[in-house]
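Start counting the sequence shown at 1; every next residue gets the next number (the numbering used here).
Take the hints with a grain of salt, since some may be wrong.
[What the hints assert, rightly or not] Under the rule of at most 30 Å between Cα atoms (straight-line distance), these lysine-lysine pairs were calculated in the DSS-like manner: (1) 35 - 180; (2) 66 - 184; (3) 32 - 65; (4) 180 - 32; (5) 65 - 180; (6) 91 - 60; (7) 65 - 184; (8) 66 - 91; (9) 180 - 60; (10) 32 - 184; (11) 91 - 65; (12) 60 - 184; (13) 180 - 91; (14) 35 - 66; (15) 91 - 184; (16) 60 - 32; (17) 66 - 32.
What the hints contain is simulated information worked out from the structure, not anything from laboratory work.
The structure displayed is predicted, hence computed values, not measured ones.
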Amino acid sequence: MKLFSGFVLSCIFAVIAIVGCSGSSTYSDLVKTQKATISTFLRYDTINVINSLPSNYATKAWSGKKDYYLSSTGLYYHLLQVGDQAAIDSKDSIRVGDNVVVRYIKIGITLPPDTVESTWTTLNSAYPSSITYGSTGSEPSAWQEAITYMKYSGAQAELIVPGTLGTSTDQSNVTPYYYKLSIKKLPR
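Please put together the full structure from these sequences, using the hints given.
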């Protein structure tokens, strides 16, 4: 929570200024607010944005702990943990049509900064989310893109997801979120 204390104050002032100046926000206003929120979060958390993936992006932990790859879709991606070594050695990556179990923590980077959802442990959720890689469903499209980069079962990553890549609610509210994501490939 220490991370968010200064961020919270800056967001409070931004929200007060935005709410105080207008009765309702247009979509364009929401997009501008989202960009400002993400920019403030990146600055506050001293995140370094990189424009290309490291050459060994899925098989070796990233040396820069705060390096986030910014994709062409607007997804910010950082690999925390590579996948299972046996899968890497056998080049058994996750392929289109594979069923993937996803555990995640979703945290709002706007006010109030708080865990919005969590399936990280069985205490939070007995059953994690299960998706089919390569097909669209109710999960955020950012997850599909992140799995492409994570590649191997057992990988963990951090994401900053703009509203356009989030759930349908996130899309309509143009609300960005931080995710910590862990994936496991289910046997065929």
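How the hints compare with the structure:
1. A distance of roughly 20 Å separates the Cα atoms of residue 35 and residue 180; the hinted pair therefore holds under the 30 Å criterion.
2. Using a Cα cut-off of 30 Å, the hinted pair residue 66 and residue 184 holds, with the two alpha carbons roughly 24 Å apart.
3. Distance restraint check for residue 32 and residue 65: the Cα-Cα separation of roughly 28 Å lies within the 30 Å cut-off, and the hinted pair is therefore satisfied.
4. Restraint check for residue 180 and residue 32: the C-alpha separation of about 25 Å stays at or below 30 Å, so the hint holds.
5. For the given pair, residue 65 sits about 14 Å from residue 180 by alpha-carbon distance, which is consistent with the 30 Å threshold.
6. A distance of roughly 14 Å separates the Cα atoms of residue 91 and residue 60; the hinted pair therefore holds under the 30 Å criterion.
7. Taking the CA atoms of residue 65 and residue 184, the gap is about 23 Å. The hint holds against a cut of 30 Å.
8. The suggested pairing of residue 66 with residue 91 holds, with an alpha-carbon distance near 27 Å, which does not exceed 30 Å.
9. A hinted pair counts as satisfied when its Cα atoms are at most 30 Å apart, and residue 180 with residue 60 qualifies at roughly 18 Å.
10. About 36 Å separates the Cα atoms of residue 32 and residue 184, which puts this hinted pair outside 30 Å; it is violated.
11. Restraint check for residue 91 and residue 65: satisfied, since their Cα atoms lie roughly 25 Å apart, inside the 30 Å limit.
12. A hinted pair counts as satisfied when its Cα atoms are at most 30 Å apart, and residue 60 with residue 184 qualifies at roughly 18 Å.
13. The straight-line distance between the Cα atoms of residue 180 and residue 91 is roughly 24 Å, inside the 30 Å bound, and the hint therefore holds.
14. With a C-alpha separation of about 19 Å, the suggested pair residue 35 and residue 66 falls inside the 30 Å cut-off, and the hint holds.
15. For the suggested pair residue 91 and residue 184, the alpha carbons sit about 15 Å apart, so the restraint of at most 30 Å is met.
16. Restraint check for residue 60 and residue 32: not satisfied, since their Cα atoms lie roughly 35 Å apart, outside the 30 Å limit.
17. Between the alpha carbons of residue 66 and residue 32 the distance comes to roughly 24 Å, so the proposed pair stays at or under 30 Å and holds.
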